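Here is how the chains run, residue by residue.
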Amino acid sequence: MNPITRRRFLKITGTSLGAAAAAKTLSVLPGTAHALEKAAAPSGVQVIPTFCDVCFWKCGALAYVRDGKLWKVEGNPEDPLSRGRLCPRGTGGIGAHYDPDRLTSPLLRRSSRGKEEWVEVTWDEALDYIAERMQAIKAKYGPESVALFTHGIGGNFLRHAVRAYGSPNIAAPSFAQCRGPRDVGFRLTFGEDVGSPERTDIANARCIVLIGSHLGENMHNTQVQEFSEAMAAGASLIVVDPRLSVAAGKAKWYLPIKPGTDMALLLAWMNVLLRENLYDREYVAAHGFGFEQFAAGIVDFTPEWAYPETGIPPEVIRETAREMARYRPATLVHPGRHVTWYGDDAQRSRAIALLNALLGSWGRKGGFYYPQSMDVPAYPYPPYPKSEKGKVDNPNNKYPFADETLTTGIREATISGKPYPVKGWLVYATNLIHALPNEAETICALQELDLLAVVDVIPSEIAGWADVVLPESIYLERYDDLNVEWFRQPFIALRQPVVNSPHNQKPNWWIARKLADKLGLGEYFPWKDIEEYLQYRLDKAGYSFDELKRKGIIRGEKQPIYFDEGVPAEFATPSGKIEFYSLQLAQAGFDPVPQYARPAEPPPGYFRLLYGRAPVHSFSRTQSNRLLMDMLPENDVWVNADVAARRGLKSGDYVRLKNQDGVLSNRIRVKATQRIRPDCVYMVHGFGHTAKGLRFARDKGASDAQLLTRYQTDPLMGGTGMNVNFVTFELEA
Amino acid sequence: MARFAMVIDTRQCVGCMDCVVACKTENGVPEGFNRDWIVQDVNGIYPTLHMEIRSERCNHCDNPPCVYCCPTGASHVHDLGGVVLVHHEKCIGCKACLAACPYDARFVHPEGYADKCTFCIHRVEKGLQPSCVAVCPTYCMYFGDLDDPLSEVSLLLTSRKYHLLLPETGTQPHIYYLT
Ligand code: SF4
Ligand code: SF4
Ligand code: SF4
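Protein sequence lines correspond, in order, to chains A and B. Heads up, the first sequence is in my numbering, so the first residue is 1 and it goes up one at a time. Heads up, the second sequence is in my numbering, so the first residue is 1001 and it goes up one at a time.
Only chain A is shown next, with the shape it has when bound in the complex (with noise of 0.2 Å):
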């Protein structure tokens, strides 16, 4: 193995250097570079911490400002989720404050909606239209006909607003659109979910499988950084994929399973492991509940039988189920992230639960930890009024294991007006155009609001079907609420403003202070600013806001993370143990132990459409950054390479995606390419945008949301699986 580590120090011999460095020899320990440029920093330099908001991973960041204005972002070294360094996207993101085609002003719409034409307006004029209409709905039908959507720490302030307004039905797309499946899957079986940042042991795991999910394309920062210490220190990878991904280009072994099948192949690895009594049967003795019934459950799923469903043959699939056994616990059966795949997608990562409670692998070195964080208390706000109605999005609970809000169960009420109206939206920094599957269905149901009230940076398809739009300032340019972050070692970090909104935005914290004022809400906003509230905050916990301002973080004492340093072995089940067998979901009518369903096939003629994400993008909100632009201007279709001979079409040539319901996706390229199964294509999430406003970004490659739509709803907790749908090539003239 390779002796040297990068801990160690690195050399670099300078014997002809100016005046600027005075030592001969300069030792520099990377990650303390950041530190040195500072003392280096020429004058008008100024160095100032907080942490990024190009995705939600919340890393600390350290950002620069030369001569007054912003010059580049790094990681902050004091940051245990960047450790000093940022991914692509951060790196871009002073893009998003230069970005020509940002919000510059509130905006009114002057005409029927969807057709982007606005007036600007002062932010009273906007936020007194909005208040107004929102007292209106409250009037008439109650305050729970206005809901909130919303994504990331930034809604904070607003949906603690539309809580004191009357409403529970705020929903983030990161439930029913992504996350959520995975959540309640592990939720059934210990009791607790993943979370995010994901509380997997990447760094210490001797064996890693990854099941769908493109890490390294997928750029959650910590876990692409422990990704490659693992597979430095020599960690065996597994990946599974239809497409050779990055991840599966450096893997040991590379399972390229038919779309669809992933359950087949996780209960024949089940059956290995059991059949060839390769599992921990120490710890499922001592924490397993149900283990009779569930072996009895699995035992028909022989490698045998998973080979026609899968595509991979018996001996592949025992080999890498004896791979697993032997690196347990440390090895970690990755939950992945957006995982609203098929419909089952609950179940499925249920199964990837089990798997992992199998290899005893939760609560141990290398598998999953458990998070820890710091104690500071909430602000001290009046109670919120109890809503009689209760929630709109599942109504008779008829998705039992839905515990968020479902965004596609607020639409589908506002639509139906059951079972009750939905009147109001507000939308906080999520393109629901380009979120949630089937645009036809939310632009329905745009056509029964009274009111749709947009805050965003750019003008996203979403904010041009609004009535009035608030210009929200970037991530570099306001504080927001504190990151008191659940992780490894617990910290709290602050976003805090590096150079002022170039126009007339403002943050979002402001914008939810005034829009209470003006719905008569103000007790629930007792402090005069954030500064004033971030304050309060941190005196309460003991800490200080001086000090926090300065490094950016502050960090809390380790504490124990696993099983094994004295975390209790408890699991917040109905038993009090891990369910192989779930009678929670017996007796809600769905199969206590994982079973199979085959997917439907394309008809004959068509792919599947997969979807996924590039290391330089985030969702649909980064492709008016320039500088993100310029590493990735236009997404493509990767086609199999001899399907695309057969086809006559060539990398680079421009076709359209004509979907099984007839839509017509914008232009996109070829990338006529070995790396994926000729069953399917794939292409990169964000693209095609059609906003006016967006004038970069518009027209550039073609967006999946757009081919989406069909969804398969995941029938416990009311995901919507989205690669149900199947695409054509239309050829360009």
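In case anyone wonders, no lab produced these hints; they're calculated from the structure. Note that the structure is a prediction, hence the values are computed from the model and not measured. It is possible that part of the hints are untrue.
What the hints assert, rightly or not - Per the computed footprint, the stretches of chain B lying under chain A, defined by three or more beta-carbons under 8 Å from a beta-carbon of chain A, are:
{"hint": "1", "region": "1015 to 1021"}
{"hint": "2", "region": "1057 to 1071"}
{"hint": "3", "region": "1082 to 1095"}
{"hint": "4", "region": "1164 to 1170"}
To be verified - Have a look at the derived ranges for each label pair, beta carbon to beta carbon:
{"hint": "5", "chain 1": "B", "residue 1": "V1039", "chain 2": "A", "residue 2": "A597", "range": "48 to 54 Å"}
{"hint": "6", "chain 1": "A", "residue 1": "P502", "chain 2": "B", "residue 2": "D1041", "range": "40 to 46 Å"}
{"hint": "7", "chain 1": "A", "residue 1": "G417", "chain 2": "B", "residue 2": "T1048", "range": "27 to 33 Å"}
{"hint": "8", "chain 1": "A", "residue 1": "A233", "chain 2": "B", "residue 2": "E1111", "range": "41 to 47 Å"}
{"hint": "9", "chain 1": "B", "residue 1": "D1041", "chain 2": "A", "residue 2": "R326", "range": "29 to 35 Å"}
{"hint": "10", "chain 1": "B", "residue 1": "E1111", "chain 2": "A", "residue 2": "N504", "range": "55 to 61 Å"}
Stated by the list, open to error - When the alpha-carbon atoms are kept at most 20 Å apart in a straight line, the in silico SDA-like pairs for lysine to any residue are as follows:
{"hint": "11", "chain 1": "B", "residue 1": "K1161", "chain 2": "A", "residue 2": "A131"}
{"hint": "12", "chain 1": "A", "residue 1": "K252", "chain 2": "B", "residue 2": "P1030"}
{"hint": "13", "chain 1": "A", "residue 1": "K386", "chain 2": "A", "residue 2": "K69"}
{"hint": "14", "chain 1": "A", "residue 1": "K258", "chain 2": "B", "residue 2": "I1045"}
{"hint": "15", "chain 1": "A", "residue 1": "K69", "chain 2": "B", "residue 2": "G1028"}
{"hint": "16", "chain 1": "A", "residue 1": "K252", "chain 2": "B", "residue 2": "G1044"}
{"hint": "17", "chain 1": "A", "residue 1": "K252", "chain 2": "B", "residue 2": "P1047"}
{"hint": "18", "chain 1": "A", "residue 1": "K650", "chain 2": "B", "residue 2": "G1044"}
{"hint": "19", "chain 1": "A", "residue 1": "K365", "chain 2": "A", "residue 2": "R326"}
{"hint": "20", "chain 1": "A", "residue 1": "K258", "chain 2": "B", "residue 2": "Y1068"}
{"hint": "21", "chain 1": "A", "residue 1": "K252", "chain 2": "B", "residue 2": "I1045"}
{"hint": "22", "chain 1": "A", "residue 1": "K700", "chain 2": "B", "residue 2": "E1031"}
{"hint": "23", "chain 1": "B", "residue 1": "K1161", "chain 2": "A", "residue 2": "K650"}
{"hint": "24", "chain 1": "A", "residue 1": "K258", "chain 2": "B", "residue 2": "L1049"}
{"hint": "25", "chain 1": "A", "residue 1": "K258", "chain 2": "B", "residue 2": "T1048"}
{"hint": "26", "chain 1": "A", "residue 1": "K252", "chain 2": "B", "residue 2": "T1010"}
{"hint": "27", "chain 1": "A", "residue 1": "K252", "chain 2": "B", "residue 2": "K1161"}
{"hint": "28", "chain 1": "A", "residue 1": "K252", "chain 2": "B", "residue 2": "M1051"}
{"hint": "29", "chain 1": "A", "residue 1": "K549", "chain 2": "A", "residue 2": "R281"}
{"hint": "30", "chain 1": "A", "residue 1": "K252", "chain 2": "B", "residue 2": "L1178"}
{"hint": "31", "chain 1": "A", "residue 1": "K514", "chain 2": "A", "residue 2": "A131"}
{"hint": "32", "chain 1": "A", "residue 1": "K69", "chain 2": "B", "residue 2": "E1031"}
{"hint": "33", "chain 1": "A", "residue 1": "K252", "chain 2": "B", "residue 2": "V1042"}
{"hint": "34", "chain 1": "B", "residue 1": "K1161", "chain 2": "A", "residue 2": "A233"}
{"hint": "35", "chain 1": "A", "residue 1": "K252", "chain 2": "B", "residue 2": "G1028"}
{"hint": "36", "chain 1": "A", "residue 1": "K700", "chain 2": "B", "residue 2": "G1032"}
{"hint": "37", "chain 1": "A", "residue 1": "K252", "chain 2": "B", "residue 2": "P1102"}
{"hint": "38", "chain 1": "A", "residue 1": "K69", "chain 2": "B", "residue 2": "P1030"}
{"hint": "39", "chain 1": "A", "residue 1": "K252", "chain 2": "B", "residue 2": "L1049"}
{"hint": "40", "chain 1": "A", "residue 1": "K140", "chain 2": "A", "residue 2": "D450"}
Note that CB positions come from ideal geometry on N, CA and C, so glycine has one too.
We have chain A already, so just place chain B with the ligands on it with the hints.
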């Protein structure tokens, strides 16, 4: 004397382009241009494939054709570490070096001079790592002095297998790719 080189571990690199973005912000590289870039080399037939991902840039060659061909002396070898640089004010933008470079590492800056990777000599002279190296989230890049047998880069090259880009051109490149 010092001889600077970069060693990049292709086993770790995920092709995220952070090195490219960081270079752009650090060095103010204008929109539409970049000094470093990512190559994904794929060989084989699905699903039996081999893929190498590389972060590429100027190779700061020992035998630099771009320096030899420069009519004004703008393209030169710096007196520290063998770094190949361009004097902006001497450069007339004739593009001879663009044609001579087998790695296609150069471009004409909108201000009229030939531009390319500088090994971030302005940082290195302050004891900092080049920006791309300092930012990489996979820690796959190493920068240092090959004349120092105990430097990290020297040790890596004695303990690991590596390859160079187009060594047959005789340029004697100084970016090493660990395999
Ligand atoms: S992962 Fe990247 S985009 Fe997300 S917060 Fe961290 S640096 Fe920013
Ligand atoms: S930043 Fe590192 S991992 Fe990312 S492309 Fe560059 S060298 Fe590779
Ligand atoms: S060494 Fe500096 S100039 Fe060269 S590619 Fe890296 S960041 Fe760019």
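Check each numbered hint against the structure and report the violated ones by number, ascending.
2, 3, 4, 5, 7, 10, 11, 12, 13, 20, 23, 29, 35 and 37
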